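Participant: Listed below, chain by chain, are the residues.
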Amino acid sequence: RKEVEQDPGPFNVPEGATVAFNCTYSNSASQSFFWYRQDCRKEPKLLMSVYSSGNEDGRFTAQLNRASQYISLLIRDSKLSDSATYLCAVRQRTYKYIFGTGTRLKVLA
Amino acid sequence: EAQVTQNPRYLITVTGKKLTVTCSQNMNHEYMSWYRQDPGLGLRQIYYSMNVEVTDKGDVPEGYKVSRKEKRNFPLILESPSPNQTSLYFCASSLSSSVSNNEQFFGPGTRLTVL
Numbered sequence: 092r093k094e095v096e097q098d099p100g101p102f103n104v105p106e107g108a109t110v111a112f113n114c115t116y117s118n119s120a121s122q123s124f125f126w127y128r129q130d131c132r133k134e135p136k137l138l139m140s141v142y143s144s145g146n147e148d149g150r151f152t153a154q155l156n157r158a159s160q161y162i163s164l165l166i167r168d169s170k171l172s173d174s175a176t177y178l179c180a181v182r183q184r185t186y187k188y189i190f191g192t193g194t195r196l197k198v199l200a
Numbered sequence: 069e070a071q072v073t074q075n076p077r078y079l080i081t082v083t084g085k086k087l088t089v090t091c092s093q094n095m096n097h098e099y100m101s102w103y104r105q106d107p108g109l110g111l112r113q114i115y116y117s118m119n120v121e122v123t124d125k126g127d128v129p130e131g132y133k134v135s136r137k138e139k140r141n142f143p144l145i146l147e148s149p150s151p152n153q154t155s156l157y158f159c160a161s162s163l164s165s166s167v168s169n170n171e172q173f174f175g176p177g178t179r180l181t182v183l
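So the sequences go chain by chain: U and Y.
92 is the number of the first residue of the first sequence in this note's numbering; add one for each residue after it.
69 is the number of the first residue of the second sequence in this note's numbering; add one for each residue after it.
Each hint should be verified, as a subset may be incorrect.
[Said to hold, decoys possible] Calculated cross-link-like contacts (lysine-lysine; reagent style DSS-like; alpha-carbon spacing at most 30 Å): (1) U/133 x Y/139; (2) Y/85 x Y/125; (3) U/187 x Y/86.
No lab work stands behind these hints, which were simulated from the structure alone.
If you're wondering where the values come from, they're calculated on a predicted model, not measured in any experiment.
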């Protein structure tokens, strides 16, 4: 089993739709959690860190469920510009980072 | 401008010819890391460094070496490259390893082909 797993997609959604991604992790001692966005094999860029209490940034909401060992990302009112690959990342106690393979999102006009 | 730079951006080489990919950051970051990205396998950490002279193995360190003699630089060395090291490589840095939610800033990537 992979340490961090994501559904690769692609998720094809119409503009304005709400879409949700999940990411599961296997190491219960994982310390920090992140969502990154990556466009067309360019460098990943941080979308948001994920906190236990959940956090929101505009149309994006991230949540962490430690009991079930998953993090989620919700995108509301999808825009064409949201089309990208979304990577979840987990930092271990050892300061190693484990990334998921990414979920591809395509927002259709 | 705050950034992570990598050189070269593209490299085609042959099996066994030693090469170095440089990485430099100008943000005074303590933590630096190297990743490779392959289709279907995602980003995998090769090595990381929590500070000068402190390095540790990530998930896929075989065939790679690193050094951290100065805070700003973290070169990746392939002593004897092989075709299975053909990949897209990213260097990243973050402010401190001790702060849990530090953002990692990534360089633009180096596309390496080993023939």
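Participant: Would you mind marking each hint as holding or not holding in the structure?
Facilitator: Hint-by-hint comparison with the structure:
Of the supplied pair hints, the one linking residue 133 of chain U and residue 139 of chain Y holds, its CA atoms being roughly 25 Å apart against a limit of 30 Å. Simply put, residue 85 of chain Y and residue 125 of chain Y have alpha-carbon atoms about 23 Å apart, close enough for the 30 Å limit, and the pair holds. Under the criterion of a C-alpha separation no larger than 30 Å, the hint pairing residue 187 of chain U with residue 86 of chain Y is consistent with the structure, at around 27 Å.
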